[in-house]
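**Q** Sequence:
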Amino acid sequence: MDTLDEQPILRGEGLAAGVAQRLRHAIERRDIAAAGNRLPSEAALAKAYGVSRPVIREAMSLLKSEGLVISHQGRGQFVNPQGSNVFRLEPPPDSEEGLSELFEFLLAVEVPATRLAAQRRSPAELDAIRGAYQRLYQATRDLGDGTDEDEAFHRAIVQASHNQYFIAFAGFLDTRVRRLIRTARKNTRNRSMELVWQVQREHEAILRAIEDGDPERASTAAAAHLNNAAARLVLYRQ
88 MDTLDEQPIL RGEGLAAGVA QRLRHAIERR DIAAAGNRLP SEAALAKAYG
138 VSRPVIREAM SLLKSEGLVI SHQGRGQFVN PQGSNVFRLE PPPDSEEGLS
188 ELFEFLLAVE VPATRLAAQR RSPAELDAIR GAYQRLYQAT RDLGDGTDED
238 EAFHRAIVQA SHNQYFIAFA GFLDTRVRRL IRTARKNTRN RSMELVWQVQ
288 REHEAILRAI EDGDPERAST AAAAHLNNAA ARLVLYRQ
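With my numbering applied, the sequence shown corresponds to residues 88 to 325, in that order.
Honestly, the hints are just simulated from the structure, not real lab data. Check before you lean on any hint, since a few could be wrong.
Derived EDC-like pairs (lysine to aspartate or glutamate); straight-line CA-CA distance at most 20 Å [what the hints assert, rightly or not]:
1. Lys151 with Asp118
2. Lys134 with Asp118
3. Lys151 with Glu129
4. Lys134 with Glu145
5. Lys151 with Glu191
Distance windows between CB atoms, simulated [as the list claims (entries may be wrong)]:
6. Gly154 with Glu298: 42 to 48 Å
7. Glu191 with Asp299: 26 to 32 Å
8. Asp229 with Ser148: 41 to 47 Å
9. Ala131 with Ser187: 38 to 44 Å
10. Leu194 with Arg295: 28 to 34 Å
11. Gly101 with Asp229: 56 to 62 Å
12. Gly123 with Gln221: 58 to 64 Å
13. Ala130 with Arg207: 52 to 58 Å
14. Ala131 with Gly101: 17 to 23 Å
15. Asn315 with Gly161: 57 to 63 Å
16. Asp235 with Arg162: 45 to 51 Å
17. Asp118 with His249: 43 to 49 Å
Since the structure is predicted, the reported quantities are computational estimates derived from the model, not experimental observations. Every residue gets a Cβ at the ideal spot worked out from N, C-alpha and C, and that includes glycine.
Build out the structure end to end from the sequences listed, making use of the hints.
**A** Structural data, given as structure tokens:
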């Protein structure tokens, strides 16, 4: 436990979740488990993190649900040598570098998915994309939030890619980037209506390329939209 060198968890963090996150990082650094991947006792962890033993038990339950920690009856808790069976994507650091990395990641997912949508969309899927675009257009015209409509538009496009990995992963990403989308749309609306309509024109360019079945134009439009969104978020932080 000497290498753990932890500070007590702040009460506002959500104790069990905060402890679980610290433990994940300690496991990744390989500075917490003893021989045989055995973890320190509840009492030792409670002392290190400045929390009660029930909080440690709850944190361990979270890690067990991810498959990162396993129990051996009468022997204690151990790091699973196979690793976690859950993919985690924590919010990016509140910095320009963190946002840049997130948008690089989004580019790697959404651009090829949009390209495939232009190639593979069925008539029904094209209707769904058009419908989502129209709802987004209406929300923009009415000066609404538009976050849900924005998400639905991009989700309909990924659905039309017919790639189950893109579809599943896009659903996973939605819950983690929705805050950024909401922030971007709110700040765009507050700063300039011209910027609001610029965003809408970017969405329209994606739609038209998919309608025309043009994968090159679709991927170019998707990349331009994400790059511009990243630039807008950085602008608002200055």
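**Q** Could you run down the list of hints and mark each one as holding or not?
**A** Hint check:
no. : hint                           : result
1   : Lys151 with Asp118             : 19 Å, holds
2   : Lys134 with Asp118             : 17 Å, holds
3   : Lys151 with Glu129             : 15 Å, holds
4   : Lys134 with Glu145             : 15 Å, holds
5   : Lys151 with Glu191             : 31 Å, violated
6   : Gly154 with Glu298: 42 to 48 Å : 43 Å, holds
7   : Glu191 with Asp299: 26 to 32 Å : 28 Å, holds
8   : Asp229 with Ser148: 41 to 47 Å : 45 Å, holds
9   : Ala131 with Ser187: 38 to 44 Å : 39 Å, holds
10  : Leu194 with Arg295: 28 to 34 Å : 20 Å, violated
11  : Gly101 with Asp229: 56 to 62 Å : 36 Å, violated
12  : Gly123 with Gln221: 58 to 64 Å : 60 Å, holds
13  : Ala130 with Arg207: 52 to 58 Å : 57 Å, holds
14  : Ala131 with Gly101: 17 to 23 Å : 22 Å, holds
15  : Asn315 with Gly161: 57 to 63 Å : 58 Å, holds
16  : Asp235 with Arg162: 45 to 51 Å : 48 Å, holds
17  : Asp118 with His249: 43 to 49 Å : 44 Å, holds
Of the numbered hints stated above, those contradicted by the structure are hints 5, 10 and 11, listed in ascending order.
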